[in-house]
Amino acid sequence: MNRVTVTGRRAAPPAEKVKGAVRLTGVSKVFGRGSSAVRALDQVSLEVAPGEFSCLIGASGCGKSTLLSLVAGLEQPTAGEVSTASSRVAFMFQEPALFPWLTAAGNVELALRARGAGKAERRRRTAELLETVHLGGFGGKRPHQLSGGMRQRVALARALAQDADVLLMDEPFGALDAMTRDVLHDELDRICAGRRLTVLFVTHNVREAVRLGDRVVVLSSRPGRVIAEFDVPIERPRRIDSAPVAELAARVTDRLREEMSRDGG
Amino acid sequence: MAVNNRAKYEEKLAWLESLEAPSPEELRGRRLATRAWAGTWPVLLAIAIVLAVWELIHLSGWKKDIFPGPGATLANLWDQLHTGLLWHAIATTAERAVIGFGLAVLIGGVIGALVSRIRPLRAAVGSLITGLQTMPSIAWFPFAIILFGISTTAILFVIILGAAPSIANGLIAGVDYTPPLLLKAGTMMGLRRLALWRYLILPASLPAFVAGLKQGWAFAWRSLMAGELLVVIANQPSLGVLLSTDQDQSDMVSATAIIIVILILGIIVDQLFGLADRGIRRRWGLTSTS
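Note that the protein sequences, when read in sequence, are chains A and B.
Under this note's numbering, think of the first position of the first sequence as 1, with each following residue one higher.
Under this note's numbering, think of the first position of the second sequence as 1001, with each following residue one higher.
Since the hints were derived computationally from the structure, they do not count as laboratory data.
All residues carry an ideal CB built from backbone N, CA and C; glycine is no exception.
Be careful, since some hints might not be right.
Claimed, not checked - Mimicking DSSO-like on lysine-lysine, the simulated pairs with C-alpha atoms at most 27 Å apart in a straight line are: (1) A:K141 x B:K1184; (2) A:K141 x A:K119; (3) A:K119 x B:K1184.
Claimed, not checked - Computed footprint of chain A on chain B, listed as stretches where at least three residues anywhere in the stretch have a Cβ under 8 Å from a Cβ of chain A: (4) 1174–1185; (5) 1190–1198; (6) 1203–1212.
Please build the complete structure, drawing on both the sequences and the hints.
If you want it as structure tokens, here you go:
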């Protein structure tokens, strides 16, 4: 596992420092005005410790993606405060969002260029990052020549290239088949273990949330509100089909069902 | 022993398969030939049909004294290709086309870039650009001739007015249709302002820009031909000058031959744009045959 630590990152900051943490205090977000206004998030307060892997889960329309956009700074909250300390934030979308005019390596390299890396460093880091996501030999391929899983790997390498402290993931594996998703779960585990990444991972797949997260945060629907939080004390490496994962997933699902039946599904 | 037999069997099988399967080079050659033929035969057939219909009209005796058949016309074209005059004319016309279109790309590109990014500017001149695009360029010639006299400048002026709006509009469309998701990804990556333009918006606009270039070229070519017929400059043979001389001398055979030359030049340039467009689509994975 030496490979993941040789990528030139400085030693991770101690956990006491707030750096890398995400904090939302009483955050609300309303889209539109007047009678057509939609309250997407209502008084959400949430704190993610540095290096923590948090999963956000909820039925569709619960404002999960809105929450990520707020943390990313792509949108501004209507009320409340979002802080990411001084950390750099990377974003992975459900679609790979790769640039079709660039090769896989070119996509990763552009992220390095955007933060001002020199030519030699760009080349070296691109090779390393593609190696990290097991795409060593595919740097010259264009996005359309890669499979869905490979594209998401490139997107992951591109997100890692930003050397971010916070990684926001919006259902990044939602469009992949179960087997590919399984493999990518393992890789994400391995990559996160090698660097101190604070991850906010949005999904509607309860098992995936339990499989990956240190903590699972359950949101209600319309408006999105935090209704429950589950710590995941299951030791890694985990398997999505293991008994502890299934058991905790069942408890989370029960809580979600309760919520959904309350507002009529 | 069993292992040995199996290995031998597989070796033999591979050898048998190699007998039937053509080598990769052979395959590639065959594919290329097939593709070339697939692209060529419809063209050849179309040309043959046009020539046949033309010959039939000629044989029917319609306007017998003035309407030439394909035989006489092609023979005349062949003769003209052996005189310096036609080549000289083609060179003059091509030079004007390149300079005029080049300037139009430059001006249209800059205007397109500015209008697509500066909101008040778009409100002010956005619809004006589309208005200019629909303006028949021949209407500009009196204006241009009064302004610049009977000169190449007048012709270039009208080419630019004809082509630049389409080119600007192509770029504006490309910028407008840059997928929001890619813009989000770029912003998250830390691309800002000029870098965002250079590395994201411009490359993302390329297909629409090329479409604009293609349309701009069509306008430029029409403006040029109109210009050369209207702005006849002495001692500067161009395709337009040759045509208007033919008109003066009622030389229908030569006029038809020149029209064929103009048509062929137009088709060649159009093919070049098609090539560029297909190249982009292949790189982006927008075609079924990658």
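For each hint, the structure was consulted:
no.	hint	verdict
1	A:K141 x B:K1184	holds, 23 Å
2	A:K141 x A:K119	holds, 20 Å
3	A:K119 x B:K1184	holds, 25 Å
4	1174–1185	holds (count 4)
5	1190–1198	holds (count 3)
6	1203–1212	holds (count 3)
Checked against the numbered hints listed earlier, the structure breaks none of them; every hint is satisfied.
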